[in-house]
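Trainee: Chains X and D, in that order, are what the protein sequence lines are. Mapping of the first sequence onto my numbering: residues 45 to 127, in sequence order. Mapping of the second sequence onto my numbering: residues 9 to 162, in sequence order.
Accuracy of the hints is not assured; some may be wrong.
Claimed, not checked - Have a look at the derived ranges for each label pair, beta carbon to beta carbon:
| # | chain 1 | residue 1 | chain 2 | residue 2 | range |
| --- | --- | --- | --- | --- | --- |
| 1 | D | S11 | X | S75 | 23 to 31 Å |
| 2 | X | A60 | D | Q149 | 27 to 35 Å |
| 3 | X | C59 | D | D48 | 45 to 53 Å |
| 4 | X | N96 | D | R47 | 53 to 61 Å |
| 5 | D | S58 | X | A114 | 29 to 37 Å |
| 6 | X | P111 | D | R51 | 26 to 34 Å |
| 7 | X | A60 | D | S13 | 21 to 29 Å |
| 8 | X | R89 | D | R29 | 51 to 59 Å |
| 9 | D | R51 | X | A114 | 28 to 36 Å |
| 10 | X | G58 | D | E63 | 44 to 52 Å |
| 11 | D | P82 | X | H107 | 27 to 35 Å |
| 12 | D | A148 | X | H107 | 12 to 20 Å |
| 13 | X | A60 | D | A148 | 26 to 34 Å |
Stated by the list, open to error - Which bits of chain D does chain X cover? Going by a derived footprint, with three or more residues having C-beta under 8 Å, they are:
| # | region |
| --- | --- |
| 14 | 54-61 |
| 15 | 83-91 |
| 16 | 138-146 |
Derived from the structure by calculation, the hints contain no laboratory data. Even for Gly, the Cβ is constructed at its ideal location relative to N, Cα and C.
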Amino acid sequence: MKVLFFASVRERLGCAELQFAQGDETLTTESLRDVLIDRGGDSWREVLLQPNLVCAVNQSVVHGSTPLAADDEVAFFPPVTGG
Amino acid sequence: MFSVSLQQGDFDPGSLENALRSGNADVGAIACFTGYVRRDPQRPQLTGLSIEHYEGMTEKTIEASLVEASTRWPLESARVVHRVGPLDVGDRIVWVGVSSSHRSAAFAACEFIMDTLKTTAPLWKRELGLPGDPWVEAQAQDRLRAARWRKENL
């Protein structure tokens with residue numbers, strides 16, 4: 045699956061996009077975040093556990109843990125500030 | 009009837025308004041909103057903003073708000089244009105235009121669309137000219153404005 049990061053989240057992680065190969069285990073948005081933190085270490089932990097982090101699956105915002113499919117597009121970003 | 013454009017270049021509010029009417033004799037009212045990059049007297053070094061967006065989701069999110077507006081008010085058409093990339097103080101950022109038979113629907117829908125955009129469309133501003141070009145923080149006031157539309161719907 046494709047994982048995207050935007051704005052301050054992208055900048056603090058130094059990563060705009062990564063491809064994530066799903067193993068046998070069924071992933072959720074929460075378990076994906078845990079795997080990313082395990083791989084990325086403390087700097088990723090700090091960014092991905094920020095309380096106001098927004099998660100979108102296939103370009104729709106989701107709340108709480110959401111099941112993910114192999115071809116999903118997942119995005120993490122800070123609260124929006126357009127307009 | 010509904011359209012959303014994300015673009016780097018400037019736009020002409022007059023042409024957009026004329027296009028929104030486009031000879032539709034059922035239109036009795038058009039409400040338009042234009043947002044600009046403003047200076048901050050407290051921070052004269054601020055020269056502008058740079059706007060990042062999530063391509064695809066931004067368009068989809070704003071389109072959904074236009075469709076929702078059309079279920080709440082009788083609209084003829086609605087259009088949003090939002091700029092991305094670097095902008096200077098004084099530049100236009102966003103335009104919302106709504107046409108309807110009567111003014112009350114046009115006024116309300118225009119404000120609803122703008123309030124919804126500010127709290128749901130995946131766009132992010134950073135301030136240029138300041139050390140580190142800081143990202144703008146989301147404002148509680150914007151969330152409260154958007155929430156008013158939900159309460160009224162209860």
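Trainee: Run every hint past the structure and note whether it holds.
Mentor: So, going through the hints one by one against the coordinates:
A beta carbon spacing of about 39 Å between S11 of chain D and S75 of chain X contradicts the range 23 to 31 Å that was offered as a hint. A hinted range of 27 to 35 Å holds for the C-beta pair A60 of chain X and Q149 of chain D, which are about 30 Å apart. At about 31 Å, the CB distance of C59 of chain X to D48 of chain D disagrees with the hint of 45 to 53 Å. Checked against the hint of 53 to 61 Å, the pair N96 of chain X and R47 of chain D fails, with Cβ atoms roughly 28 Å apart.
S58 of chain D and A114 of chain X have their C-beta atoms about 35 Å apart, which keeps the hinted 29 to 37 Å range intact. A beta carbon spacing of about 45 Å between P111 of chain X and R51 of chain D contradicts the range 26 to 34 Å that was offered as a hint. For the hinted restraint 21 to 29 Å between A60 of chain X and S13 of chain D, the CB-CB distance of approximately 23 Å keeps it satisfied. Between R89 of chain X and R29 of chain D the beta carbons are some 53 Å apart, a value that agrees with the proposed interval 51 to 59 Å.
At about 47 Å, the CB distance of R51 of chain D to A114 of chain X disagrees with the hint of 28 to 36 Å. Distance hint for G58 of chain X and E63 of chain D: a CB-CB separation of about 20 Å, inconsistent with the stated range 44 to 52 Å. Here the CB-CB span from P82 of chain D to H107 of chain X is close to 32 Å, well matched to the stated 27 to 35 Å. Separated by about 19 Å at the C-beta atoms, A148 of chain D and H107 of chain X satisfy the suggested range of 12 to 20 Å.
For A60 of chain X paired with A148 of chain D, a C-beta distance near 29 Å keeps the hint of 26 to 34 Å intact. A stretch counts as covered by a chain when three or more of its residues have a beta carbon under 8 Å from one of that chain; for the region 54-61 of chain D and chain X the count is 3, and the coverage holds. Here's how the region 83-91 of chain D fares: 1 of its residues keep a CB closer than 8 Å to some CB of chain X, so the rule of at least three is not met and the hint is violated. Evaluation of the coverage hint for the region 138-146 of chain D: fulfilled, as 4 residues show C-beta separations to chain X shorter than 8 Å, against a requirement of three.
Against the hints set out earlier in the document, violations occur for numbers 1, 3, 4, 6, 9, 10 and 15.
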